[in-house]
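Colleague: Construct the entire structure; sequences and hints are all you get.
What follows is the residue order along each chain.
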Amino acid sequence: MLSITEKLKIIKNNFIQSINAIIKNRNIKINKIIQKQDEEKIKNIRNNLK
Amino acid sequence: MSENANQQENISSVEQTETIEKEVKKTDEEKIEETRGEVKEITNNALEDAKNLSQQFDSNSEVKSTISESNNEIIKALQIANEKIQNIEKEVLEKVGEEMGKKQWIEHVNQLLKDLEKPEASVEKGYVSTYGSFAEKTSSGQDVFCDTLTWFDTTPFTLESVGGEIRQRLVLIAKDLTNKIIGFRFSDLKSISEDNCSLEASGEIITKIRGGGFSTAIDRVFEKVLTIVANEQKQSLFGSNFNIKWKVENANLRRIKEDIKNKKYNEQELKTKEEEQIRWQSVYGENGKLGFKKEECGENNDLYSKIIKPTIDDNTPRYETESEKSSVDQKDFLIRKPIDTQTFQKIKESLKESLI
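In the order they appear, the protein sequences are chains A and B. Residue numbering for the first sequence follows my numbering, starting at 4 and increasing by one per position. Residue numbering for the second sequence follows my numbering, starting at 776 and increasing by one per position.
These are calculated hints, taken from the structure and not from any lab test. Be a bit skeptical, because a hint or two may be false.
What the hints assert, rightly or not - Per label pair, the in silico range of CB-to-CB distance:
1. B:Asn1062 to A:Asn16: 45 to 55 angstroms
2. A:Asn16 to B:Leu1078: 46 to 56 angstroms
3. A:Glu9 to B:Glu844: 31 to 41 angstroms
Claimed, not checked - When the alpha-carbon atoms are kept at most 27 angstroms apart in a straight line, the in silico DSSO-like pairs for lysine-lysine are as follows:
4. A:Lys35 to B:Lys851
5. B:Lys912 to B:Lys1048
6. B:Lys801 to A:Lys10
What the hints assert, rightly or not - From the structure, some residues in chain A lie toward chain B, with a derived Cβ separation under 8 angstroms:
7. Met4
8. Leu5
9. Ile7
10. Lys10
11. Leu11
12. Lys15
13. Phe18
14. Ile19
15. Ser21
16. Ile22
17. Ile26
18. Lys32
19. Ile33
20. Gln38
21. Arg49
22. Leu52
In this text, all values refer to a predicted model and were calculated from it rather than measured experimentally. Idealized CB from N, CA, C, for every residue including glycine.
Modeller: As structure tokens, this is what we get:
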């Protein structure tokens, strides 16, 4: 059986992992959005240049 | 390695040992609070970073919306972690409660065993009696069997009461189906009126397992026994106005107040006591299961009482008078019968066994 200290350590580590995963996921999403927006901008500039 | 460097290493080693010792000495509650604080700090840092990020993309509504969504996820993760920490806290409280209960049980059983030493010498003379054995069920249907013991004494019985006048001592010893002692009530009955028509019953109840409904079952038996005492007294001595005022004190609440006043407590024990006292209120408090009413007695108002009146009708057995009791031949007809040495010793042995 796990001690209270061990149980609390697991809760804390799981929480840190969750937060890291949320941040990682968010950053990937933001990068994709920016990438998409940049592509749109380039597309627009190209269209304007035609 | 230079002497200075050696000293430096020794100092750092001492500091390390002190840190480890401090870590070991932390109470579970301190560890819980520390984890709670750390989790909160991680959340705050994550939200602060998100705020800065959001400022960088101030004009980008799509990015800002993504940041806002992930902030909600962070807050949700914090809630889940806090729920888990709260469950650990509950577990710790239960553990503390068990330890406190065990300590209290041992203390009270030893007190009862010590108290039984005094009338032991007079058992053979017939001065220790019983009102018989009674069966009751808990609200969850578990059987409880109560033996009764009674004798007269002048010293206070309860752990905390004071006094010196003659009182009838009444002890209920509760057993389960396997004959193991699961709790007991010790009580003193003393006169509170000049005409001796009113008795006051006070004392304390203690159970080995908390929260199983055993106290309520034991006290239902206690009420039956008090009614028998009231019937016996009315028929033999005091006529129609006889009554017994069964008085209970919220001892847990009083102890909580004393502990706070004397600053002699730790938070977990206090929380456990507070939970116990809520259970107590549901049984003995106003509108509780046993029908007690709050006593109007000024500042220290943790007292509740219930009046037990005789219930004599045509079917009530005829209780024997003191003069009738003197006849050994009529012993079998007595409601309050002298207990035999063997039964008395058996009760004592069972009590000793319950300490293990």
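Colleague: Give a verdict on every hint.
Modeller: For each hint, the structure was consulted:
| no. | hint | in the structure |
| --- | --- | --- |
| 1 | B:Asn1062 to A:Asn16: 45 to 55 angstroms | 47 angstroms, holds |
| 2 | A:Asn16 to B:Leu1078: 46 to 56 angstroms | 51 angstroms, holds |
| 3 | A:Glu9 to B:Glu844: 31 to 41 angstroms | 33 angstroms, holds |
| 4 | A:Lys35 to B:Lys851 | 24 angstroms, holds |
| 5 | B:Lys912 to B:Lys1048 | 26 angstroms, holds |
| 6 | B:Lys801 to A:Lys10 | 15 angstroms, holds |
| 7 | Met4 | 11 angstroms, violated |
| 8 | Leu5 | 10 angstroms, violated |
| 9 | Ile7 | 5 angstroms, holds |
| 10 | Lys10 | 6 angstroms, holds |
| 11 | Leu11 | 4 angstroms, holds |
| 12 | Lys15 | 5 angstroms, holds |
| 13 | Phe18 | 4 angstroms, holds |
| 14 | Ile19 | 6 angstroms, holds |
| 15 | Ser21 | 4 angstroms, holds |
| 16 | Ile22 | 5 angstroms, holds |
| 17 | Ile26 | 7 angstroms, holds |
| 18 | Lys32 | 5 angstroms, holds |
| 19 | Ile33 | 5 angstroms, holds |
| 20 | Gln38 | 12 angstroms, violated |
| 21 | Arg49 | 22 angstroms, violated |
| 22 | Leu52 | 24 angstroms, violated |
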